[in-house]
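Visitor: Please take these sequences and the hints and turn them into a complete structure.
As they're listed, the protein sequences go chains A and B.
Residue numbers are given in the working numbering: position 36 of the first sequence equals residue 36, and the series is strictly consecutive.
Residue numbers are given in the working numbering: position 231 of the second sequence equals residue 1231, and the series is strictly consecutive.
The set of hints was computed from the structure by calculation and includes no laboratory data.
Possibly wrong hints are sitting among the right ones.
Stated by the list, open to error - These stretches of chain B come out as covered by chain A in the derived footprint (C-beta under 8 Å, 3 or more residues):
1) 1021–1030
2) 1066–1075
3) 1084–1093
4) 1106–1118
5) 1272–1284
Quick reminder that beta carbons are idealized off the backbone N, C-alpha and C, glycines included.
Here is what each chain is made of, one letter per residue.
2 protein chains.
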Amino acid sequence: MPTIYEVSKLAGVSLATVSRVMNNTSPVRESTRKKVEAAMAELGYRPNSIARSLASNRSDSIGILVSELHGPFYGAMISSIEAEFRTAGKHVIIAAGHSEEATERDGIEFLLSRNCDALILHVEAVSDEYLVQLKAKEIPFVLINRQVPALQPQCISLNNKLGGYLATQLLLRQGHRQLGYISGPLWKTDAQDRYRGHQLALQEAGLDWDPKRLFEGDYHEDGGSAGIRYFLQQGIPLTALICANDEMASGAMTEAREQGLFIPQQLSIIGFDNVMLSHYTYPKLSTIDYPIAAMGQMAARWVLKEVYQQKQPELQLVFEPRLIERDSCVVQPQP
Amino acid sequence: MPTIYEVSKLAGVSLATVSRVMNNTSPVRESTRKKVEAAMAELGYRPNSIARSLASNRSDSIGILVSELHGPFYGAMISSIEAEFRTAGKHVIIAAGHSEEATERDGIEFLLSRNCDALILHVEAVSDEYLVQLKAKEIPFVLINRQVPALQPQCISLNNKLGGYLATQLLLRQGHRQLGYISGPLWKTDAQDRYRGHQLALQEAGLDWDPKRLFEGDYHEDGGSAGIRYFLQQGIPLTALICANDEMASGAMTEAREQGLFIPQQLSIIGFDNVMLSHYTYPKLSTIDYPIAAMGQMAARWVLKEVYQQKQPELQLVFEPRLIERDSCVVQPQP
DNA sequence: AGACTAAATGTAAGCGCTTTCATTTATAGC
DNA sequence: GCTATAAATGAAAGCGCTTACATTTAGTCT
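Guide: Dropping the structure here:
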């Protein structure tokens, strides 16, 4: 593997000039640039990114921490982030936090130790104070799907409350009055916000809010099926069900069917996130779109702008969810 | 951020000794080790991985190239690879190849330029010769889901033929005689192999192989629905359908239902891969399990052993698929 | 043409670590 | 107690690049 030194010798210029040609960091006469480029081509020179990083104190790498690497949700997010950085010549280092505080801290430590220029964090378990402290350290970072008041300008989030509101509103519009709600773990802020949106929609419609009609799930399929069993066992009549994510909606759908209910005729179900699986269910799941790819891209642009000083169009920090109507919610037949 | 130099000063030893303490690269007296560790703790020292890489000529990073970052299949693979390396203190750099030759080469170039110690490649479009040439370069790599004869010892693959065989065998055992097959793009070797397994099973059962009963799909949902339309239009009677992956099976299922067929009563469908979506379909999809997580882990171990000289249990290069019976295939009722 | 300024290029000092080789210190043998 | 040997430590030379600063070359003006 040839080094910059060999290139400079072959081209008959100094190291510095070769470096300048590579980085466009100061003007070089056209003729010398040509010579250098020819030498690079002849040797098949490829700059050593490690050496470059050490000298320049940039690693051109961005750390990403997500809860899970598999699963449709994070896949879409990582995918859009990688694409954005790739065209910018940066690369992405990935770690998983598994929604546990210790693992998340660990992951951040790990990324820090790899000398990332910036971090993009989708963390849930770590405390706000921890993040504020992290800010005090040298490293710039963006938060996805989390609002920390002190860190406002670096939080990219979804209006989860609006999402819960939209989902509920659809069902109300369809004439449903007996609603159930399966939430995510309520210590997670997004789960709380979605539920608040639900409550707001109920309230606006002048409906009572009944705590029995809330079941706290786990954002996994099991949560959905457990929710269905809960409502049935408690004898709570339901014509429509809101699930705080698509996986729980899927679990609920399966369980409801096993319990003999026809979906959507006897029970309308709406999910949240619009991950890929919502295409695959039968009936196809109505849901709330979480524009995670766009948000990932925005996070990448944030970094490009704030850390690498690239000019970027106006950054958008808050995203709006959108209602996706498919087949799992229908108008409540008049009794 | 403190450097090794400051640690050495505080501990009253030389740089070399601190380095030795960190890397266990040669024995250090217990008392000095204590001193050094105390100094590191006091300063909150964290080694600079960039500098370390430059000096040692290792980057402790492994490049991974997959076709897509999103989607359940690659997610599972990346997840298991990351987990394995993470515990080894290595990290993973990811690029997407999008099943296109130019992009794949590009991705490899990109990873090479990041000074990866090794690559794990899930490539489809790039030629065998290219890979053989790559081997001639300095960089070690493993291939996942690909067999290159000259690169045998670094290929981790699934016995795809057996998978096609198993799927077909199930349907035959269930009494089906009118089978259809929706393959992946036949320029992909895995698509070919799966189909060969299908042919073999037919042959063993003494059944004719009819080229009209093959539809070449694209491994996406559309391929599945197009396949159903094809069989219907051609008036080819079918009681069971083998799809070369789960996505096409899902597409086929949806389309068949829209065409008025009851699944599985009128048409049994089996998929391939056992990706997450196969849980979500209705009826739940019977399929062939592709142990992608295990294979990813094995690829990581290959690297740990061959590149980092870590001792590892015997490496397994060929994996066997397994039949997963769910609800989408039933015994063919006697006519 | 000479003086002055701007543009282009070169020089060399690091960046923070690893690692070879030399040196010092402890251990053992007699 | 003194040498022979092994163990522990230190000194210093890079790894391949960037970049501040110095120097040279070209360009402009009078």
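Visitor: Would you check chain A against the stretch 1106–1118 of chain B, counting CB to CB pairs closer than 8 Å, and say if three or more residues qualify?
Guide: holds (count 5)
Visitor: Taking a Cβ-to-Cβ distance below 8 Å as contact, does the stretch 1272–1284 of chain B have at least three residues touching chain A?
Guide: holds (count 6)
Visitor: For the stretch 1021–1030 of chain B, does the count of residues with a C-beta closer than 8 Å to a C-beta of chain A reach 3?
Guide: Coverage by chain A is violated here, the residue count being 0 at a Cβ distance below 8 Å.
Visitor: Counting residues of the stretch 1084–1093 of chain B with a beta carbon closer than 8 Å to any beta carbon of chain A, are there 3 or more?
Guide: Since 4 is at least three, the answer is holds.
Visitor: Mind taking a look at whether chain A covers the stretch 1066–1075 of chain B? Criterion is 3 or more residues with CB to CB distance under 8 Å.
Guide: With 7 residues close enough to chain A, the hint holds.
In summary, the structure is inconsistent with hint 1 from the numbered list given earlier, while agreeing with all the others.
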